[in-house]
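**Q** Below, each chain spelled out in residue letters.
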Amino acid sequence: MEMRTVFNKELRQIQNDLLAMSSMTEKAISYSVKALKERDIELANRIIEDDKKINSARFEIEEKCIKLIATQQPMAGDLRTIIAVLNILSEVERIGDHAEGNAKIVLMIGNEPPLKPLIDIPRMAEKTIDMLHRSLGSFIERDKDTAMKIAAEDDEVDELYDQVFRELLTFMAEDPKTITRATRLIWVAHNLERSADRVTNICERIVYMVTGKMQEIGASKY
Amino acid sequence: MEINTELLGNRTNTGHNTKITAENINLFYGDFQALRDINMEIQECAITSLIGPSGCGKSSFLRIFNRMNDLIKNARITGNVKLDDIDIYARDIDVVELRKKVGMVFQKPNPFPMSIYENIAYGPKRHGIKNRAEIEEIVEKSLKQAALWDDIKDKLKQSALALSGGQQQRLCIARVLAVEPEVILMDEPCSALDPIATLKIEDLMRSLAKDYTIIIVTHNMQQAARVSDLAAFLMMEEDRAGVLVEYGNTSEIFTNPKDKRTEDYITGRFG
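Those protein sequence lines, which keep their order, are chains A and B. Going from the first sequence to the numbering used here is simple: count from 1 and add 9. Going from the second sequence to the numbering used here is simple: count from 1 and add 4.
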């Protein structure tokens, strides 16, 4: 007979809620770059609106965690899971905020002509989404090795960011009239770079949950 | 049985010395083996909790430290128990003297049916103190140490049985303190008390741990987590003999136990 059925059920529910919240966030990142590419104001507005849902999901899950701690006195692996969820939650929520930030930049850009075709920024977004998705997978699987590997992949996003930055710098150096547009794109790239950093924080929490050891893995260049 | 040496290694960091060493302890009640091959070092001036499912031998193990199992017919023990450097099972050991050094508090408060004052004075008197002023001093000091003095200083002549459960248990602790022990054994000292009285006893234990070595058996895992510096998890093997599964710093045991069986027990998945 499984013991603590109510507790187990609630703990599973919390983890499922976190997955759902994370998948909303993945979509937000993806849509924010799509909106940028396609100058889609309507989509940008929807991302901003949907970020409220991510934020409220975060509070709901957090409250469920607090309730579980207060009423069930979780210990050992259960306790570490709940603590990991609490930390991962806030990272995911902040990633959502970065996506929302990018949507706001899309609104600022409005109908300005594109400075250049977007190549590396969508790559950054794709990589970040992939890292976030797989990190939550390794959370569910309790797979610390994969989590460590994902954290190391942050270097790729950093390199893309470097590339974007350098390229936009040349535009600005050549023609000061591009400064405003280029700066906005740098902001977008920066938000994506920060999002990938937050995925490495999530990976650290997964390692903690599995091993009980708190350690920094793969400190970001930025 | 596996002692987590990594965790025990932290002992030196906390500055504690070993107070009691139990080596290869096997305990039998007739043909039944209650404990098997237990090795454990108890640290001085720290609180060590013994946790584990009912019948795993926690209380039997606790009673080894002041030879209370001697009182049980058919009980037989092999192995060594040293208090500091003294072999407490040596032939020339005075058991009464040992129990003065290693006092015990039981599950149910068991004050003697006499006055509060006499409850505390009883031990020192039996151990030969006759001077009235000296005894009065011991009574006051012990009751103060047990955080009971302010509650009852005006009713020392009243019957101890009139006190509340929590007060009675603190009186029993004061009674142990009166004979100046070095080690205090507590066998589920709060299981008959309400939550407030329980927290008071726990506070008291923390303040006593500065000067005394305390070993507590408890079924209440939150209590072990709250009050103890080190925790030992015992469980039964298939023949129902108790073994020590894991022993280490309480914070580690409750956040990151090394043994799957400990994890299952403290997360409530068995037991």
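Hints in this document: simulated from the structure, not taken from any laboratory. Just to be clear, a hint being listed does not mean it is correct.
For lysine to any residue, the following SDA-like pairs were computed, each having C-alpha atoms within a straight-line distance of at most 25 Å [stated by the list, open to error]:
#1 K77(B) <-> R67(B)
#2 K262(B) <-> R13(A)
#3 K264(B) <-> D154(A)
#4 K18(A) <-> E267(B)
#5 K264(B) <-> E150(A)
#6 K262(B) <-> M157(A)
#7 K46(A) <-> M181(A)
#8 K262(B) <-> Q82(A)
#9 K262(B) <-> K46(A)
#10 K73(A) <-> R273(B)
#11 K18(A) <-> S119(B)
#12 K76(A) <-> S119(B)
#13 K222(A) <-> N260(B)
#14 K161(B) <-> A151(B)
#15 K262(B) <-> T220(A)
#16 K222(A) <-> K148(B)
#17 K148(B) <-> S119(B)
#18 K134(B) <-> K112(B)
#19 K204(B) <-> T80(A)
**Q** Decide, hint by hint, whether the structure agrees.
**A** Do the hints match the structure? See the list:
1. K77(B) <-> R67(B): Holds, because 14 Å separates the two Cα atoms, which is no more than 25 Å.
2. K262(B) <-> R13(A): holds (21 Å)
3. K264(B) <-> D154(A): This hinted pair holds, its Cα atoms lying about 20 Å apart.
4. K18(A) <-> E267(B): holds (18 Å)
5. K264(B) <-> E150(A): holds (18 Å)
6. K262(B) <-> M157(A): holds (21 Å)
7. K46(A) <-> M181(A): holds (20 Å)
8. K262(B) <-> Q82(A): holds (19 Å)
9. K262(B) <-> K46(A): violated (51 Å)
10. K73(A) <-> R273(B): holds (21 Å)
11. K18(A) <-> S119(B): violated (54 Å)
12. K76(A) <-> S119(B): Not satisfied, since the Cα-Cα distance of roughly 47 Å exceeds 25 Å.
13. K222(A) <-> N260(B): Distance ~9 Å between K222(A) and N260(B) Cα, so the pair holds.
14. K161(B) <-> A151(B): holds (18 Å)
15. K262(B) <-> T220(A): Answer holds: K262(B) to T220(A) is near 10 Å, not above 25 Å.
16. K222(A) <-> K148(B): violated (42 Å)
17. K148(B) <-> S119(B): holds (17 Å)
18. K134(B) <-> K112(B): violated (30 Å)
19. K204(B) <-> T80(A): Holds - the C-alpha atoms of T80(A) and K204(B) are around 22 Å apart, at most 25 Å.
Of the numbered hints given earlier, the model fails hints 9, 11, 12, 16 and 18; all others are met.
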